[in-house]
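Line by line, the protein sequences are chains U and B.
Sequential numbering from 1 applies to the first sequence in our numbering.
Sequential numbering from 1 applies to the second sequence in our numbering.
Because the hints were derived from the structure by calculation, they are not lab data.
Each residue gets a CB set at the ideal place from its N, CA and C atoms; glycine is no exception.
It cannot be assumed that every hint is accurate.
Stated by the list, open to error - A few chain U residues that face chain B, going by a derived Cβ cut-off under 7 Å, partial list only:
| id | residue |
| --- | --- |
| 1 | E9 |
| 2 | T43 |
| 3 | W47 |
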Amino acid sequence: MKIEEYLKELEKAREFRRRMADWKYIESRPEPLKTALKLLVETGDLWYSATMTGIPVDLLNEERIKAKIPLTVI
Amino acid sequence: MELAIVDTCFLINWAKFRQKNDIFNIFSKLIIPSIIYTEVRSESARSFIARLMAEKRILLAPRISQVDILALKIYDLINSHPSLPSIDPPEAYALALAKYLEKPLLTDNASPRLAVEVINEVKGVRVYDSLMLLAKLYKGNLFRRKVKEFIEDTHIFFSEKRLREYGL
Chain U
1 MKIEEYLKEL
11 EKAREFRRRM
21 ADWKYIESRP
31 EPLKTALKLL
41 VETGDLWYSA
51 TMTGIPVDLL
61 NEERIKAKIP
71 LTVI
Chain B
1 MELAIVDTCF
11 LINWAKFRQK
21 NDIFNIFSKL
31 IIPSIIYTEV
41 RSESARSFIA
51 RLMAEKRILL
61 APRISQVDIL
71 ALKIYDLINS
81 HPSLPSIDPP
91 EAYALALAKY
101 LEKPLLTDNA
111 SPRLAVEVIN
121 EVKGVRVYDS
131 LMLLAKLYKG
141 NLFRRKVKEF
151 IEDTHIFFSE
161 KRLREYGL
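Chain U with its partners taken away, still in its complex shape:
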């Protein structure tokens, strides 16, 4: 895949995450989980979102599934 194509797919994946996320659930979570989930919706980067907020990667992944945030392999 060319890098230009990748960037286009990346934007599609971001829109998909925004659309599919359970925002009610996200808003109901305590900090720093709420921020981590919002960051994950925007970036799609689990490691970055976890590290920036001090949450273990796999625990954030569990929360991601509950918040219905899809991650897309491009």
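Following the hints, put chain B in place on chain U, whose structure we already have.
Chain B in isolation, oriented as in the chain U frame:
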């Protein structure tokens, strides 16, 4: 069968897949860099890894200074590239270890897959994501079914473009 290096997110996702052990139909053992293992904290992922360690199907790779140096270089080259998606430090280490040991890297992040095409330091490293592995493991209708199950179990999706490449 050969060995493969795995990154954190890939391992966490595969730990949730109902047929996670099928991965050993392709690779005899998986190598986790110790820098990555410390990131895994949940009971489900740790118990999956611990069981495989007891069966000697997962190996922990120690931190190696030569790999650290290469990882830092890869981290810098990829993150300063104008078009490549960014790479995080543990993943840069996993890619560097794959290069150093001449083993494939298993990751669902696109950064290493694109980097091996444009960054000379990592050219030639084989990078496989979950869809590639599912395609290696299953054929025909079984492949279609397993992709669906993988999505259900992990909540990891594949882009339409990638699915089309595999006739899905």
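Checklist entry - Can E9 of chain U be said to touch chain B, with a Cβ gap under 7 Å? => result holds (5 Å)
Next on the checklist: Restraint: W47 of chain U near chain B, CB-CB cut 7 Å. Satisfied or not?
Outcome noted: Since chain B brings a Cβ to about 5 Å from W47 of chain U, closer than 7 Å, the hint holds.
Next on the checklist: Given a cut of 7 Å on the nearest C-beta pair, is the interface hint for T43 of chain U held or broken against chain B?
Outcome noted: Where the cut-off is 7 Å and the nearest Cβ of chain B is about 9 Å from T43 of chain U, the hint is violated.
In summary, the one numbered hint that this structure violates is 2.
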